[in-house]
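Chemist: Here the structure of chain A is known, so what remains is to put chain B in place on it, guided by the hints.
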Amino acid sequence: MTVEKAFIQLLNEHQKIVHKVCNLYMDSHTDKEDLFQEITLQAWKAYGNFRGEAKFSTWLYRVALNTAITFFRKEKKTAFIYSTDNIPDIINNEQDPIEAQTKAMYAAIGDLSKIDKAIVMLYLEDYSYAEISETIGITANNIAVKMNRIKIKLKEFTQQYYSNL
Amino acid sequence: MELDDFKNRLNQKLETNHLHLSERDLSVLLSKKAYSVIGKIKRSLWIEIISCILIAGIFAYIGISSKYRAVNIYFISFTIIFIPFTLVFVYLLKKTNEVNQSNLPIINNLQSLVKLLDEFIKRYFQFTMALIPICFVFSFILGYTEKKPIIELDQLIYKYKPSSGIAVSILIAYFGGLTFCTYYFTKWYLKKLYGNYIIELKNYITELKDAA
Numbered sequence: 001m002t003v004e005k006a007f008i009q010l011l012n013e014h015q016k017i018v019h020k021v022c023n024l025y026m027d028s029h030t031d032k033e034d035l036f037q038e039i040t041l042q043a044w045k046a047y048g049n050f051r052g053e054a055k056f057s058t059w060l061y062r063v064a065l066n067t068a069i070t071f072f073r074k075e076k077k078t079a080f081i082y083s084t085d086n087i088p089d090i091i092n093n094e095q096d097p098i099e100a101q102t103k104a105m106y107a108a109i110g111d112l113s114k115i116d117k118a119i120v121m122l123y124l125e126d127y128s129y130a131e132i133s134e135t136i137g138i139t140a141n142n143i144a145v146k147m148n149r150i151k152i153k154l155k156e157f158t159q160q161y162y163s164n165l
Numbered sequence: 166m167e168l169d170d171f172k173n174r175l176n177q178k179l180e181t182n183h184l185h186l187s188e189r190d191l192s193v194l195l196s197k198k199a200y201s202v203i204g205k206i207k208r209s210l211w212i213e214i215i216s217c218i219l220i221a222g223i224f225a226y227i228g229i230s231s232k233y234r235a236v237n238i239y240f241i242s243f244t245i246i247f248i249p250f251t252l253v254f255v256y257l258l259k260k261t262n263e264v265n266q267s268n269l270p271i272i273n274n275l276q277s278l279v280k281l282l283d284e285f286i287k288r289y290f291q292f293t294m295a296l297i298p299i300c301f302v303f304s305f306i307l308g309y310t311e312k313k314p315i316i317e318l319d320q321l322i323y324k325y326k327p328s329s330g331i332a333v334s335i336l337i338a339y340f341g342g343l344t345f346c347t348y349y350f351t352k353w354y355l356k357k358l359y360g361n362y363i364i365e366l367k368n369y370i371t372e373l374k375d376a377a
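Here the protein sequences line up with chains A and B, keeping their order.
Counting along the first sequence from 1, when you hit position 67 you're at 67 in this note's numbering, and nothing is skipped either side.
Quick note: to get this note's numbering, add 165 to the position in the second sequence (first position is 1).
Take the hints with a grain of salt, since some may be wrong.
[As the list claims (entries may be wrong)] Restricting the straight-line Cα-Cα distance to at most 25 Å, the calculated cross-link-like pairs of lysine-lysine (BS3-like) are:
| no. | chain 1 | residue 1 | chain 2 | residue 2 |
| --- | --- | --- | --- | --- |
| 1 | A | Lys45 | B | Lys172 |
| 2 | A | Lys117 | B | Lys178 |
| 3 | B | Lys374 | A | Lys16 |
| 4 | B | Lys172 | A | Lys151 |
| 5 | B | Lys178 | A | Lys16 |
| 6 | B | Lys207 | A | Lys45 |
| 7 | B | Lys172 | A | Lys16 |
| 8 | B | Lys280 | B | Lys172 |
| 9 | B | Lys352 | B | Lys374 |
| 10 | B | Lys280 | A | Lys45 |
| 11 | A | Lys45 | B | Lys198 |
| 12 | B | Lys367 | A | Lys114 |
| 13 | A | Lys117 | A | Lys153 |
| 14 | A | Lys153 | A | Lys45 |
| 15 | B | Lys374 | A | Lys151 |
| 16 | B | Lys172 | A | Lys103 |
| 17 | A | Lys5 | B | Lys197 |
| 18 | B | Lys367 | A | Lys55 |
| 19 | B | Lys352 | A | Lys153 |
| 20 | A | Lys114 | B | Lys178 |
[To be verified] Under 7 Å between C-beta atoms, here's a sample of chain A residues computed to sit facing chain B:
| no. | residue |
| --- | --- |
| 21 | Ile8 |
| 22 | Gln37 |
| 23 | Phe56 |
| 24 | Thr58 |
| 25 | Arg62 |
Keep in mind the hints are simulated off the structure, nothing from the lab.
Using N, Cα and C, we set each Cβ at its ideal position, and we do this for glycine too.
The following block holds chain A by itself, in its conformation from the complex:
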């Protein structure tokens, strides 16, 4: 099997990681498509350095998050305004309280900074603080501090979200 074929196969198996990053960092379909393409290209370029010391999924998360955070385009970008209309396949029944809470939380995460989103994403994947610290590059203690702050931000956002309903 060629290197390219092996990479494509691995990427295909872990495609959901790239979709998660694209859904969280981009609002419109076109932007998601562009970011997906960019992550695929950057992962392919960096694949030669993948030694298999970490799991492919961990490595791909790192590449995908790095690409999403530093994504650069010439055209003027409009500020990212998180729209709950773009929440993927969510809430068919607004009356369902769990669905409504999920919607509020999704909107709250969308409102976070790029760095906080990266931490939340890894947290949602059940990565330990030590593992998150390896990907982010700051100590596990600092990750814990940041995570506490993020939880407060999310709580405040969701409370405000409900009070605005």
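Modeler: Frame of chain A, contents of chain B only:
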């Protein structure tokens, strides 16, 4: 409901595949153009290198073919000056090619990107500004020592007959104006290209360090 309770639910929603890409589609993506800032710097450097080579070629031609000694020396000298400038850009391109930082931890990736951009901007600015005094000092010395009369220039002088004070004032104003315009244009151009982006990246680094 706490954040933990949403994990599975949110993960499911986040994983939604809007693009529905097959292995074949993924394979096609590998041959597409990248938007990354590294790619952009590489393109800029290639443009600079090609421009330097083209300008050096044109200058060499003018330097060889002109009948004026001053013009010969001026343009040949600039052809020679453009060689190290081209080498500096080739060196920067080599350094940029070595940067493959996307699998680094996020903070290291941001720091290496900021370092690379700062270096690029610094060198680009130095290169542009260095050309102004070199250009003026050279043209002044060579124009002053030129034995053959430059007909077009002489015609202009005979027409307006400026005193030496006015001529020097015009030269100083021209030099000052060009330096001023080049300085601010280059600053504006580089800021427009990378300025806000660098600020954004530096803010992320500060945000990460703030947790400490």
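Chemist: Starting from Lys207 (chain B), check that the Cα of Lys45 (chain A) is at most 25 Å away, please.
Modeler: 15 Å, holds
Chemist: Between the alpha carbons of Lys280 (chain B) and Lys45 (chain A), is the straight-line distance 25 Å or under?
Modeler: With Cα atoms ~21 Å apart, Lys280 (chain B) and Lys45 (chain A) stay inside 25 Å; holds.
Chemist: Is Lys178 (chain B) close enough to Lys16 (chain A), meaning Cα to Cα at most 25 Å?
Modeler: 11 Å, holds
Chemist: For the pair supplied as a hint, Lys117 (chain A) and Lys153 (chain A), is the alpha-carbon distance within the 25 Å limit?
Modeler: 12 Å, holds
Chemist: Does Lys198 (chain B) sit within 25 Å of Lys45 (chain A), going by the straight-line distance between their CA atoms?
Modeler: This hinted pair holds, its Cα atoms lying about 12 Å apart.
Chemist: Taking only the CA atoms, is the gap from Lys117 (chain A) to Lys178 (chain B) under or equal to 25 Å?
Modeler: The given pair, whose Cα atoms are some 15 Å apart, holds under the 25 Å limit.
Chemist: Lys367 (chain B) and Lys55 (chain A) were given as a pair; does the straight-line alpha-carbon distance stay at or below 25 Å?
Modeler: It is violated: about 30 Å lies between the C-alpha atoms, which goes past 25 Å.
Chemist: Does the alpha-carbon distance linking Lys45 (chain A) and Lys172 (chain B) stay inside the 25 Å limit?
Modeler: Since the Cα atoms of Lys45 (chain A) and Lys172 (chain B) sit roughly 31 Å apart, the hinted pair is violated (cutoff 25 Å).
Chemist: Hint Arg62 (chain A) vs chain B: min CB-CB distance below 7 Å?
Modeler: For Arg62 (chain A), the interface hint holds, since the closest Cβ of chain B sits about 6 Å away, which is under 7 Å.
Chemist: Are Thr58 (chain A) and chain B close enough, Cβ to Cβ, to be under 7 Å, as the hint says?
Modeler: 10 Å, violated
Chemist: Are Lys172 (chain B) and Lys16 (chain A) close enough, with their CA atoms no more than 25 Å apart?
Modeler: Holds, at roughly 15 Å.
Chemist: CA of Lys5 (chain A) to CA of Lys197 (chain B), is that 25 Å or under?
Modeler: 17 Å, holds
Hints 1, 3, 8, 9, 14, 18, 19, 23 and 24 from the earlier list are contradicted by this structure; the remaining hints agree with it.
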